[in-house]
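Take these sequences, add in the hints, and give me the full structure.
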Amino acid sequence: MKILVEENHDLPLVRVQLGFPSGAADDPSEIDGLCNFSSELLGRGAAGRSRADLDRAFDALGGSLDIITDLDGVYFELTVLRDKLDAALGLISDVLLRPDWPVLEAEKLVREIDGQLDEMRDDDGQLARRFFGRTLYGEHPYGRTILGSKQTVAKFDVAAAKAWHERVVRTGSLVFGLAGDVNRAETEALAQKYLGAMPAGGGPGIVYPPTARRQGLRVTLVDKPERTQSQILWGQPAAKWGTPEFFALQVATCAYGGTFTARLMNEVRSKRGFSYGASARVGQGRGTKALVAHIFPSLEQTAEALKLVLDLHADWVTRGITDEELNFAKQYLSRSFAFTISTPEDRLELAMSLALAGMPADHGDKFTARINAVTLEDTRRAMAAYLTPGDLEIVIVCTADELQPKLEASGIAFSAIEVVPYDSY
Amino acid sequence: MKVVSEHPFGTLVTRHYQLENGLQVLFTRDPAAPVFAYQTWFAVGSRHEKEGTTGIAHLFEHLMFNQTETHAPGELDRLIEAAGGDTNAATWVDWTYYRDNLPSSELQLAVDLEADRMAHLTLGEKQVESEREVVMNERRFRVEDDVDGTLNEELYKLAFEKHPYHWPTIGWMRDIKNITIEDCRNFYRTYYSPNNATVVVVGDVDEKSTLDLIAAKYGAIPAQKVPAPRSIIEPAQEAERRAVFAKPVAADKLRLGYKSPPMGHADYPRLEVLSEILFGGNSARMHRRLVVDDERCVSVSAGLAPFREPGLYEIACSCKRGHNAAEVLAVLDEELTRVLVAPPTAEEVEIARTRLLTRLYRELRPPGGKAEALGHYHVTTGDYRYLFAIGDAYRAVTPADVHAAAQRLLVAAQRTIIIAEPDGSDVDDAEEGGEEE
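Quick note, the sequences are listed as chains X and U, same order.
Mapping to our numbering: the first sequence position 233 is 233, numbers consecutive.
Mapping to our numbering: the second sequence position 164 is 164, numbers consecutive.
Watch out, some of these pointers could steer you wrong.
Only pairs whose alpha carbons sit at most 30 Å apart, straight line, appear in this in silico DSS-like list of lysine-lysine [to be verified]: (1) X:Lys307 with X:Lys155; (2) U:Lys50 with U:Lys162; (3) U:Lys2 with U:Lys208; (4) X:Lys366 with X:Lys240; (5) U:Lys247 with U:Lys157; (6) X:Lys150 with U:Lys247; (7) X:Lys307 with X:Lys2; (8) U:Lys247 with U:Lys177; (9) U:Lys225 with U:Lys50; (10) X:Lys240 with X:Lys2; (11) U:Lys126 with X:Lys406; (12) U:Lys247 with X:Lys406; (13) X:Lys271 with U:Lys247; (14) X:Lys271 with X:Lys240; (15) X:Lys162 with X:Lys150; (16) U:Lys162 with U:Lys225; (17) X:Lys406 with U:Lys177; (18) X:Lys406 with X:Lys366; (19) X:Lys2 with X:Lys162; (20) U:Lys177 with U:Lys157; (21) U:Lys126 with U:Lys177; (22) U:Lys157 with X:Lys307; (23) U:Lys126 with X:Lys271; (24) U:Lys177 with X:Lys307; (25) X:Lys271 with X:Lys406; (26) U:Lys162 with X:Lys108; (27) X:Lys240 with X:Lys307.
According to the in silico footprint, chain U covers these stretches of chain X (three or more CB under 8 Å from chain U) [unchecked claim]: (28) 9–17; (29) 76–89; (30) 106–112; (31) 118–126; (32) 326–332.
Rather than coming from a laboratory, the hints here were simulated on the basis of the structure.
Predicted model only: the values in this text are computed from it and were never measured.
We put the CB at the ideal spot given by N, CA and C, even for glycine.
So this is what it looks like as structure tokens:
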């Protein structure tokens, strides 16, 4: 077990975080969504307490236990007043170590997730991200989803959840952290008291295969009725977090779409008013993630806006960034880092994400120096190695029969345009 | 600069100052991290607008990031980002506020920029047209293409007939299109004056240096005559109002609004406790009944509008496929009747109280959270010290208080209901209805 402590006694509060480095990307492809289902089921009955008993007990402590699955890990989080900490850890210990696996609750949870899939479709931004993950990563583990799909929820059951629990909830994988009104000695004693009985074994998490790189300018139109606006995501696989190429790409991407005055925001929003937001970032995780950019113009301006950003993208990749942009991006990234660690909760969150991604614990300490060491040549080399403007996945949530003719007449050399119904996945 | 009042803020102290030109300053030194939050709250929001130019407070907020007599377009953002900070703004019904988060070494920069745009903003046609497009796109994003945004807008539109809470803060699309540059200039001259603003500073910066800088930079900005908000009393609602819309959803979505008291009213914390008991956590009555036991809803939530004048107690429910608004309404009515008939248990009130206090402390952790709470309470209730009375108010609430407040709130004739029904575009829906091919 790895223990993290961020001590601060200003407020009588403690943030509790437990993490395991096995998330949705670690799910079997035929049971996409299993991690989310299994971890949620832990809280639906444990140590002889029903779901209602557990809910009432957590609520009485001042907050609900948040169980959060992402692609790289699963987290159990709660904030409580200091005098409720012991009781809270007792409950979390029951949930993690003594689940009752109630069958009726498992069946109910299947229906609940099915409903969440329906509700997710009401949010065009979420829809775009879901389809983008599938088209960009394909069969790679990062192509999995958190909730699963209408097809895989039917496969969720207690046996699958028990197998997940047996595999994942192990002391060798656990990262246990407290932030706030506690000290290290207390934290270590509490970890032993409440989590010492967790089975041994487990490890640092899966090793991801390389991300496949597809060729061409491929467009997926996620067809939804009555859209007045298009949610557009575009990108391609980039460098792995923590590598020298990642830092170089992070600086270059900051100049492209990482701030309010970066190229994308300046050209798309400030000069033309095409979109409320315009941004780009390089994903951080245990495996190699992607460079992803995002705008959401009106239906009428979509083709023009897309042409603009693809031209900007090609110009950025082929000509690189300027000296002035380099210096500005380095200055912004290094100076703004203080805000990611300004509270004990922030510092715990960073330490937890580093631990679960297999990143060195001193990443934060060295971040500023590594960013400041990036040269213009580093950015050019990294962009040449990872980015090819003619090979982009593009996902657009829109009303397809209105947008498709405009895209086809836009003069953009798409290699493929596929239309999929918004409720097909 | 005179001290108006001071109040302990946990282990810290908040002091309230006022300049001769009327500018108010709330200062709290918080040395927890080498950063600070600098916020400027103007007592103007969409409540101060008129039909025809709705949305001007929000559009103007966008324009405030543009250019001044001494800073070129985009330079304000650029200078703050170069310092490693971030800046943004928000507009709601009662206020507009601008926030900067910066490293402690950049105090001078924040004071210079904020004082400059309070007095020396310049507006050109090009910037207004560009921001108009941006705001229209923001409206499409938040309202036209967002079913939840549409329902929220329709709820207030139907619930309020006379009061400006009738229109959305982002404004009607037709008004956004028609606002002129002269409207914007008049708006700036009318409302962006020191005597209509409160500067809130929280963080690891020295108090005397901060006050000296503020006095030097803002002291010469003249006060203006700010018109008192029009006193518009919403006529008492005498019957339930209801509207239904067809949307691309898998199942019905529902919004209810009960006319509710303003922030600062004695019933407000009692109703927050009531709302926690009904909707606040996984063991809350409505969540338990509608999401867990009956499985009629995917999600339920509720909250009181934190407004200066009477607003709405808003309830939101998303039905599960195969269930509908009528059956959810029947359950809501049953549960709401329960709280009218009998007070909640002492245990329920205690759980709600603990949840509310924990949330309050969490929100107050970062300097920006402290500054936002101080600014919001000061501008909305008229006194930042209301923030410090809330904890005691929660602690004082009894089951009988909750019961009595519920009876004043949950008046059937004063509720408004908005429903979004499936428009038939959903594939799974068609398959279940046997309409394939």
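Outcome of the hint check:
1. X:Lys307 with X:Lys155: violated (42 Å)
2. U:Lys50 with U:Lys162: The given pair, whose Cα atoms are some 11 Å apart, holds under the 30 Å limit.
3. U:Lys2 with U:Lys208: Within the cut-off at roughly 13 Å; holds.
4. X:Lys366 with X:Lys240: holds (17 Å)
5. U:Lys247 with U:Lys157: Since the Cα atoms of Lys247 (chain U) and Lys157 (chain U) sit roughly 18 Å apart, the hinted pair holds (cutoff 30 Å).
6. X:Lys150 with U:Lys247: OK: Lys150 (chain X) and Lys247 (chain U) at ~21 Å, within 30 Å.
7. X:Lys307 with X:Lys2: It is violated: about 49 Å lies between the C-alpha atoms, which goes past 30 Å.
8. U:Lys247 with U:Lys177: holds (25 Å)
9. U:Lys225 with U:Lys50: Status holds; Cα separation ~19 Å.
10. X:Lys240 with X:Lys2: holds (23 Å)
11. U:Lys126 with X:Lys406: Judged against 30 Å, a Cα distance of about 27 Å means the pair holds.
12. U:Lys247 with X:Lys406: holds (25 Å)
13. X:Lys271 with U:Lys247: Violated, because 34 Å separates the two Cα atoms, which is more than 30 Å.
14. X:Lys271 with X:Lys240: Violated. Lys271 (chain X) to Lys240 (chain X) sits at ~33 Å, over the 30 Å cutoff.
15. X:Lys162 with X:Lys150: Distance of about 21 Å is within 30 Å: holds.
16. U:Lys162 with U:Lys225: Measuring from Cα to Cα gives roughly 26 Å; hence the hint holds.
17. X:Lys406 with U:Lys177: Distance ~25 Å between Lys406 (chain X) and Lys177 (chain U) Cα, so the pair holds.
18. X:Lys406 with X:Lys366: It is violated: about 48 Å lies between the C-alpha atoms, which goes past 30 Å.
19. X:Lys2 with X:Lys162: holds (24 Å)
20. U:Lys177 with U:Lys157: holds (20 Å)
21. U:Lys126 with U:Lys177: Given that 30 Å is the threshold and the Cα spacing comes to 14 Å, the pair holds.
22. U:Lys157 with X:Lys307: Judged against 30 Å, a Cα distance of about 38 Å means the pair is violated.
23. U:Lys126 with X:Lys271: holds (9 Å)
24. U:Lys177 with X:Lys307: Holds, at about 26 Å.
25. X:Lys271 with X:Lys406: holds (23 Å)
26. U:Lys162 with X:Lys108: violated (46 Å)
27. X:Lys240 with X:Lys307: Holds. Lys240 (chain X) to Lys307 (chain X) sits at ~29 Å (cutoff 30 Å).
28. 9–17: holds (count 4)
29. 76–89: holds (count 4)
30. 106–112: With 3 residues in contact (Cβ-Cβ under 8 Å with chain U), the coverage given for the segment 106–112 of chain X holds.
31. 118–126: holds (count 6)
32. 326–332: holds (count 3)
When held up to the earlier numbered hints, the structure conflicts with 1, 7, 13, 14, 18, 22 and 26 and fits the remainder.
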